[in-house]
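Line order of the protein sequences matches chains S and A. In our numbering, each residue's number is its place in the first sequence (first place is 1) plus 120. In our numbering, each residue's number is its place in the second sequence (first place is 1) plus 120.
There's no promise every hint is true.
SDA-like cross-link-like pairs, simulated, lysine to any residue; straight-line CA separation at most 25 Å [as the list claims (entries may be wrong)]:
{"hint": "1", "chain 1": "A", "residue 1": "213", "chain 2": "A", "residue 2": "300"}
{"hint": "2", "chain 1": "S", "residue 1": "142", "chain 2": "A", "residue 2": "255"}
{"hint": "3", "chain 1": "S", "residue 1": "125", "chain 2": "A", "residue 2": "265"}
{"hint": "4", "chain 1": "S", "residue 1": "125", "chain 2": "A", "residue 2": "160"}
{"hint": "5", "chain 1": "S", "residue 1": "142", "chain 2": "A", "residue 2": "162"}
{"hint": "6", "chain 1": "S", "residue 1": "142", "chain 2": "A", "residue 2": "279"}
{"hint": "7", "chain 1": "A", "residue 1": "125", "chain 2": "S", "residue 2": "160"}
{"hint": "8", "chain 1": "A", "residue 1": "142", "chain 2": "S", "residue 2": "136"}
{"hint": "9", "chain 1": "A", "residue 1": "142", "chain 2": "S", "residue 2": "160"}
{"hint": "10", "chain 1": "S", "residue 1": "142", "chain 2": "A", "residue 2": "192"}
{"hint": "11", "chain 1": "S", "residue 1": "142", "chain 2": "A", "residue 2": "135"}
{"hint": "12", "chain 1": "S", "residue 1": "125", "chain 2": "A", "residue 2": "268"}
{"hint": "13", "chain 1": "A", "residue 1": "142", "chain 2": "S", "residue 2": "165"}
{"hint": "14", "chain 1": "S", "residue 1": "142", "chain 2": "A", "residue 2": "130"}
{"hint": "15", "chain 1": "S", "residue 1": "125", "chain 2": "A", "residue 2": "135"}
{"hint": "16", "chain 1": "A", "residue 1": "142", "chain 2": "S", "residue 2": "158"}
{"hint": "17", "chain 1": "A", "residue 1": "142", "chain 2": "S", "residue 2": "150"}
{"hint": "18", "chain 1": "S", "residue 1": "142", "chain 2": "A", "residue 2": "243"}
{"hint": "19", "chain 1": "A", "residue 1": "125", "chain 2": "S", "residue 2": "192"}
{"hint": "20", "chain 1": "A", "residue 1": "142", "chain 2": "S", "residue 2": "141"}
{"hint": "21", "chain 1": "A", "residue 1": "142", "chain 2": "S", "residue 2": "133"}
Quick caveat, the hints were computed from the structure, so don't treat them as lab data.
2 protein chains.
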Amino acid sequence: MIGPKHDGGWSTLASTYLFESKWYNLRQDQVRLPSGDDITYTLVEHPGFVVVVPLTSDGYVILERIYRYTVQRTVIECPAGALDGESPIDAAKRELLEETGFEAGDLASIAHFFGSTGISDEEFHIVVATDLRDTGRTDREATEQMEIIRMPLDEAAELARSGAIADAPSALAILLAHDRR
Amino acid sequence: MIGPKHDGGWSTLASTYLFESKWYNLRQDQVRLPSGDDITYTLVEHPGFVVVVPLTSDGYVILERIYRYTVQRTVIECPAGALDGESPIDAAKRELLEETGFEAGDLASIAHFFGSTGISDEEFHIVVATDLRDTGRTDREATEQMEIIRMPLDEAAELARSGAIADAPSALAILLAHDRR
Chain S
121 MIGPKHDGGW
131 STLASTYLFE
141 SKWYNLRQDQ
151 VRLPSGDDIT
161 YTLVEHPGFV
171 VVVPLTSDGY
181 VILERIYRYT
191 VQRTVIECPA
201 GALDGESPID
211 AAKRELLEET
221 GFEAGDLASI
231 AHFFGSTGIS
241 DEEFHIVVAT
251 DLRDTGRTDR
261 EATEQMEIIR
271 MPLDEAAELA
281 RSGAIADAPS
291 ALAILLAHDR
301 R
Chain A
121 MIGPKHDGGW
131 STLASTYLFE
141 SKWYNLRQDQ
151 VRLPSGDDIT
161 YTLVEHPGFV
171 VVVPLTSDGY
181 VILERIYRYT
191 VQRTVIECPA
201 GALDGESPID
211 AAKRELLEET
221 GFEAGDLASI
231 AHFFGSTGIS
241 DEEFHIVVAT
251 DLRDTGRTDR
261 EATEQMEIIR
271 MPLDEAAELA
281 RSGAIADAPS
291 ALAILLAHDR
301 R
């Protein structure tokens, strides 16, 4: 259980947006700390996202080999995407279908985490998807340059533990899904 | 193994900084995709950070209960901090001492991950610290509003698996350290 929201004795004196987009905003706050010191705190406001672990009935996981411009590398990740005003389960269902073409008969949210508490409010939900059916159709965005791969969940967990699955939310999602099998 | 850096066929046509600070920058790029489409991609440039798992000889881990303004909650995290032009091991040694007062006789970097590949280049290194000695002195920043707690590593792994340790890098670090014991 994550504890309740509270202000920790920090007072927000003023807020300005330095950047706004449909993906995230950058907000700059003037803040008075409990010590009485005034500071500037600049943070990312993010709508949150889902990380999907799609498991086949024969013990495989469906993953993506995707090019990430941010880190200038092709990395292995779980299907994932931002919440678009919908529940984590609905977002997981939608993203899985759009990115991989798989429909899931069953989806379960197993845990949620904050991604980068020093600079961002981003939170992600880990959703395990089972009872999969391949529709053979995807609907990707232009930036989603990927191929779909499948591997035994045991092997994916090993790659997550070593850092070879280098995206932290994906690695954590795979390890938690693996622990529950 | 993470693959090598490459451009994926994406061409950066122009770059502008929307925000710069000692913690991170926000960079906005005009990019031509392999499809020929031109897009705007805005990303966080981060210096990287370390997440430290300090383990005592009797099976306990030293953690922090810290207020995070970004998520307006007090959360349990590993000692952590940004790289300040130093190696991950040196940063881990410094952050551990500053935040908790513990000196580590042995530090080992066990894996590294990207934190949020959709919007940021941030990368973190997981460092396990052992042979601990409590100096009784800390040197925290004004925003580091925390208390130090210790709990059995087994219990911390359970809290990480459930999401009760809600910071994803900390949860992943604890699970990997636990798997290695």
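Against the structure, the hints:
The hinted pair formed by residue 213/A and residue 300/A meets the criterion: a straight-line CA distance of about 20 Å does not exceed 25 Å. Taking the CA atoms of residue 142/S and residue 255/A, the gap is about 48 Å. The hint is violated against a cut of 25 Å. Between residue 125/S and residue 265/A, the direct Cα distance comes to roughly 16 Å. Compliance with the 25 Å bound is thereby established for this hinted pair. For the hint pairing residue 125/S with residue 160/A, the CA-to-CA distance comes to about 34 Å; that exceeds 25 Å, so the pair is violated.
Note on residue 142/S and residue 162/A: the hinted pairing holds, with a Cα-Cα distance of about 11 Å set against a maximum of 25 Å. Between residue 142/S and residue 279/A the alpha-carbon distance is near 33 Å, which puts this suggested pair outside the 25 Å criterion. Between residue 125/A and residue 160/S the CA atoms are separated by roughly 34 Å; this puts the pair beyond 25 Å, and the hint is violated. Taking the CA atoms of residue 142/A and residue 136/S, the gap is near 19 Å; set against the 25 Å cutoff, the hint holds.
Restraint check: the Cα-Cα separation between residue 142/A and residue 160/S comes to about 12 Å, which is no more than 25 Å; the hinted pair holds. Proposed proximity of residue 142/S and residue 192/A is supported: the alpha carbons are some 22 Å apart, at most 25 Å. The straight-line distance between the Cα atoms of residue 142/S and residue 135/A is roughly 20 Å, inside the 25 Å bound, and the hint therefore holds. Simply put, residue 125/S and residue 268/A have alpha-carbon atoms about 20 Å apart, close enough for the 25 Å limit, and the pair holds.
For a cut-off of 25 Å, the pair hint linking residue 142/A to residue 165/S stands: about 19 Å separates their Cα positions. For the proposed pair residue 142/S and residue 130/A, the alpha carbon gap of about 22 Å is at most 25 Å, so the pair holds. Only pairs whose Cα atoms come within 25 Å are accepted, and residue 125/S paired with residue 135/A is rejected, the gap being roughly 37 Å. At most 25 Å may separate the alpha-carbon atoms for a hinted pair to count; residue 142/A and residue 158/S meet this at roughly 17 Å.
Of the pairs offered as hints, the one joining residue 142/A and residue 150/S holds, with about 17 Å between alpha carbons and a cut-off of 25 Å not exceeded. Distance hint between residue 142/S and residue 243/A is fulfilled; the C-alpha atoms sit about 24 Å from each other, no more than 25 Å. Our distance criterion of 25 Å between C-alpha atoms is met by residue 125/A and residue 192/S, whose separation comes to about 5 Å. Under the criterion of a C-alpha separation no larger than 25 Å, the hint pairing residue 142/A with residue 141/S is consistent with the structure, at around 23 Å.
Between residue 142/A and residue 133/S, the direct Cα distance comes to roughly 22 Å. Compliance with the 25 Å bound is thereby established for this hinted pair.
The structure does not agree with the numbered hints 2, 4, 6, 7, 15 stated previously, though it agrees with the rest.
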